[in-house]
Amino acid sequence: MKNSRFWILMVAMTAVMCLVAMALIPIFVEPGTVAEVRQDGTLLHTLPLGEPTQLTIDAPNGGKNSIVVHSGRICVAYADCPDQVCVDQGWVDAAGTPIVCLPHGLVIEIKGGDQNVDATAG
Amino acid sequence: MQPQDKKPTRRVTRMALLTAIALTIFMAEAQIPNPIPIPGIKLGLANIVTVYSMFLLGPADTLMILVSRVFLGSVFSGQMMTFLYSLSGGLLCYVAMLFLRLVLTKDQIWVCSCIGGACHNLGQLAAAMLVLRTTVVVFYLPHLLLAGLCAGLFTGLCAQFLIRHLDQSGG
Chain A
1 MKNSRFWILM VAMTAVMCLV AMALIPIFVE PGTVAEVRQD GTLLHTLPLG
51 EPTQLTIDAP NGGKNSIVVH SGRICVAYAD CPDQVCVDQG WVDAAGTPIV
101 CLPHGLVIEI KGGDQNVDAT AG
Chain B
1001 MQPQDKKPTR RVTRMALLTA IALTIFMAEA QIPNPIPIPG IKLGLANIVT
1051 VYSMFLLGPA DTLMILVSRV FLGSVFSGQM MTFLYSLSGG LLCYVAMLFL
1101 RLVLTKDQIW VCSCIGGACH NLGQLAAAML VLRTTVVVFY LPHLLLAGLC
1151 AGLFTGLCAQ FLIRHLDQSG G
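Heads up: the sequence lines are chains A and B, in that order. Residue 114 in this note's numbering sits at position 114 of the first sequence; the count goes up by one each step and never skips. Just so we're on the same page, this note's numbering is the position in the second sequence counted from 1, plus 1000.
If we strip away everything but chain A, and leave its shape as in the complex, we get (with noise of 0.2 Å):
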């Protein structure tokens, strides 16, 4: 395939593929208002949004996340892994970003509440 117009032409595709469906995500998921919070798997903890909590989970191999739930949102508010991705993704509401730290292995993922409406459950 001499011709780069065919592959430019596939990648810009990808990519615009890639932008609509991350225009199209939030609009379709809906704010929860359940918190799970998974280690490895294993479901840890299930945290209303309405109430204001705040807890250190260990991880196995020696780590520490600190989560805060506050105001229908939560977050991770420190962890001590070098890459800190988790600490900066911020306050999370939808289930269309679930907070990963992926070091400790951790998973906070936003549901919708006692019904499990949506199809996301691992």
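Be careful, since some hints might not be right.
[To be verified] Chain A stretches covered by chain B per the calculated footprint, using a threshold of three residues with CB under 8 Å from any CB of chain B:
| # | region |
| --- | --- |
| 1 | 33 to 47 |
| 2 | 87 to 97 |
[What the hints assert, rightly or not] Between beta-carbon pairs, the in silico distance windows are:
| # | chain 1 | residue 1 | chain 2 | residue 2 | range |
| --- | --- | --- | --- | --- | --- |
| 3 | B | Arg1010 | A | Val68 | 56 to 66 Å |
| 4 | B | Phe1099 | A | Leu55 | 30 to 40 Å |
| 5 | A | Val20 | B | Phe1076 | 14 to 24 Å |
It should be emphasised that the hints constitute simulated quantities derived from the structure, not laboratory data. Since we're looking at a predicted model, the values are computed, not measured. From the three backbone atoms N, C-alpha and C, an ideal C-beta is built for every residue, glycine too.
Assemble the complex: chain A is given as a structure, and chain B must be docked to it using the hints.
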């Protein structure tokens, strides 16, 4: 394209040198704060070395350089969890490049890197789904694909210019 080198000492030395360069780039990049707060997104400058060796040294040497760099990178950064993600991403990227190098000309090296970058992030996402045993991370699929394409485009162009200039200077 250069023919496969028959002298084993020269080959080993060149692979060691490229691994050292890739590892240095990897470690230097890790010191730069990540501006995008999405897990798994980074520029991946060490990919320049992978693309370069893929096109100039061939698949066998590239695999050795890639695996050594990923392993040593995880050891030096002190996070063995990164090893799993980097390796699964790196291997998927490698497989994609294996096929792409057969159909691409020397002016299309950026395409190889672009698709390789997207595949790297796909592999990483698959590893994350297995390790974290959750499917919610698929929400990051569009972000990761797009980031892989952009980062791959950048590193691919770097590798392409590098190869062109080394060709001209007879390196």
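Hint check:
1. With 3 residues bearing a CB less than 8 Å from a CB of chain B, the region 33 to 47 of chain A meets the requirement of three and the coverage assertion stands.
2. Look at the region 87 to 97 of chain A against chain B: 6 of its residues bring a Cβ nearer than 8 Å to a Cβ of that chain, three or more, so the hint holds.
3. Taking 56 to 66 Å as the suggested C-beta distance range, the pair Arg1010/B and Val68/A conforms, at roughly 57 Å.
4. Judged by the Cβ atoms, the range 30 to 40 Å given for Phe1099/B and Leu55/A is violated: they are separated by roughly 48 Å.
5. Hint check: Val20/A to Phe1076/B, Cβ distance near 39 Å, so the stated range 14 to 24 Å is violated.
Hint check: violations occur at hints 4, 5; the rest are consistent with the structure.
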